[in-house]
Structure formats: structure tokens, C-alpha cells
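Enquirer: Okay, here's what each chain looks like letter by letter:
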Amino acid sequence: MAHGANASGVVAFTDEIVRDFERIYREQISYVLKILVRFGLSRTSAEDVAHDVFEVFLLKLHTLEETERHTVASMRAFLFRIAWNRASNYRRLHSVVREKPTEFLPETPTSDRAFDIVLAQELARDLAKLSSLQTAIFIGFEVFGMTAPELAEEQHIEESEVRRILDEARKSVRRSTTPPGETTP
Amino acid sequence: MTAHAKSNLPSVHSPVAEANQPSLQRISVTPLAVTAIDLLRDPSPDPEEDAWVLAASNRILAKFRDRYGHPAGVEDESGVFLADQK
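Order-wise, the sequence lines are chains A and B. My numbering puts the first sequence at residues 1 to 185. My numbering puts the second sequence at residues 1001 to 1086.
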């Protein structure tokens, strides 16, 4: 079923999009809330930003292929990047309005969180370089512990192709996964 | 990969999974190079934080339903869900 905005700016969500949205929301909301706290937001702010993240996600969901919407690895990377961008925007805005009276404490990241934020920035940049197939294979293997045969079956490609794509993806994300002090090849 | 399939996957550090992949070492098991990848993993369970996550997720979903109807849109006569794009 078609999806898109008409001349009056009204967006139509198909039944399929709505079902996928609810399923992915239930699978990923816990991750998104926790990663926003790890980015240094208070719980109150994380809740507001998580709402924004899923609103952006809902409006972009139709741009993804059906296979992508059913690949947890792809959804995780997609949401990570939206969450990082929204958290960055929030922090920038917060720094501008900091002098306004507020009932909440200023959000000052701990040193651990500051390190996470630097890493997240690098990782978000690196993930943006990957194609959807590279993302699915890289995150599936490295994050969700899938094996090459499992990934080959999921993506309907040969196992040798999985290994080749994984190698390419690793080169693209080399910077954010290289320990400090080591040089990238 | 569905959530069900994910739940059946071997752990990242599963000896069985690693034994099946002798030529592929995960970045996650390379010393020190774990932190960026770790940002993409589900954080460890924390009862106090999980209680907040559950309450927050229900509040956010309720906002979506308030704004877009049930579950995420207002159904028109053609069967599609409609929402104002701001």
C-alpha cells in the first residue's frame, strides 16, 4: 500500500507501517531510553527525546525496505543514529537555554558518559558510511552474535559474500572500534 | 531477524558460536576495542532502571495514541491511517 504526504501535508500510514511501528517500538524502546541516558540526558529529558526519536522513526519507516524493517540489526543501527542526532540537538538547545530557571538539575555528564558521547559521535559517523546490507551484517555479527551462515540465510546471500561484506564494513567503522593510541590500518 | 529469532541466538561470547567461526574473530572479543560496539548492545538489566523504562515506554506510547489515534493513526474510509505532519 502506498505511503506518503499529500498536498495538504497529511501523511498516510498503512496498516503494515503501523503494525511494524508498534512491533519495533516494543522491541527497541528500552534500548533507546537507556542509550539516551548513556548520552548524558536526565531520565526526564530522555523520555521526551525518545518520543521525538520514534516520531522521526515513524515518519521515516516507509522509506525502509520490508526486509530491513524485519532485521533487528538494521533497526538498531537506524534508531541509534536517530537517537544520537536528537540527543545532540537537545544538548545544543539545552546549552542555549541553560540560563532559564528550571526545576531540573543541569545535565552534566559524568566522565564515563562524556567518553560514551565521543564514541557515539564516531560510531554514528562510521555507521552512516555503511549500506543497509553492510549494516545488517556488521551489527548482526558484532552486536547480536549471529554466525556467518545465519546471516547468509537471513540476507539470502552466500556465506563467502557475508565474510566479504563484513570485512568491508569493518574497514568503514575502523575508527570508532580502534582503541585509543592505536593507528588504523 | 525477528525478535524470536534473536532470542534463540547464541551469546556473543558463546564458546560454541566462536568454535563455529574459527576464521572470524568478533571485534567485541578483541581486547580494548569493545566500547563503541557496546553502545549498540542492550544494556545490562537493572531493576530500578527497568522499572522507569517500563513506565516511560507506556507514557510515550500513550502520547502516540493521543496524537495519532489507535495505534498510530486515524483510520479513514480507505483504510489508511492519517496524521498531521508538522
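Note that these hints are calculated values from the structure, not bench results. Careful, some of the hints might be misleading.
In the DSS-like style, the derived pairs of lysine-lysine whose C-alpha atoms are separated by at most 30 Å in a straight line are [stated by the list, open to error]:
hint: 1; chain 1: B; residue 1: 1063; chain 2: A; residue 2: 34
hint: 2; chain 1: A; residue 1: 129; chain 2: A; residue 2: 60
hint: 3; chain 1: A; residue 1: 34; chain 2: A; residue 2: 129
hint: 4; chain 1: A; residue 1: 171; chain 2: A; residue 2: 60
hint: 5; chain 1: A; residue 1: 60; chain 2: A; residue 2: 34
hint: 6; chain 1: A; residue 1: 129; chain 2: B; residue 2: 1063
Partial chain B-side listing against chain A, Cβ under 10 Å, derived [what the hints assert, rightly or not]:
hint: 7; residue: 1038
hint: 8; residue: 1047
hint: 9; residue: 1052
hint: 10; residue: 1054
hint: 11; residue: 1060
hint: 12; residue: 1067
Using N, Cα and C, we set each Cβ at its ideal position, and we do this for glycine too.
Enquirer: Against this structure, judge whether each hint is valid.
Expert: Against the structure, the hints:
{"no.": "1", "hint": "B:1063 with A:34", "result": "holds (19 Å)"}
{"no.": "2", "hint": "A:129 with A:60", "result": "holds (19 Å)"}
{"no.": "3", "hint": "A:34 with A:129", "result": "holds (25 Å)"}
{"no.": "4", "hint": "A:171 with A:60", "result": "holds (28 Å)"}
{"no.": "5", "hint": "A:60 with A:34", "result": "holds (22 Å)"}
{"no.": "6", "hint": "A:129 with B:1063", "result": "violated (34 Å)"}
{"no.": "7", "hint": "1038", "result": "holds (9 Å)"}
{"no.": "8", "hint": "1047", "result": "violated (13 Å)"}
{"no.": "9", "hint": "1052", "result": "holds (6 Å)"}
{"no.": "10", "hint": "1054", "result": "holds (8 Å)"}
{"no.": "11", "hint": "1060", "result": "holds (5 Å)"}
{"no.": "12", "hint": "1067", "result": "holds (9 Å)"}
Hints 6, 8, counting from the list given before, are not met by this structure.
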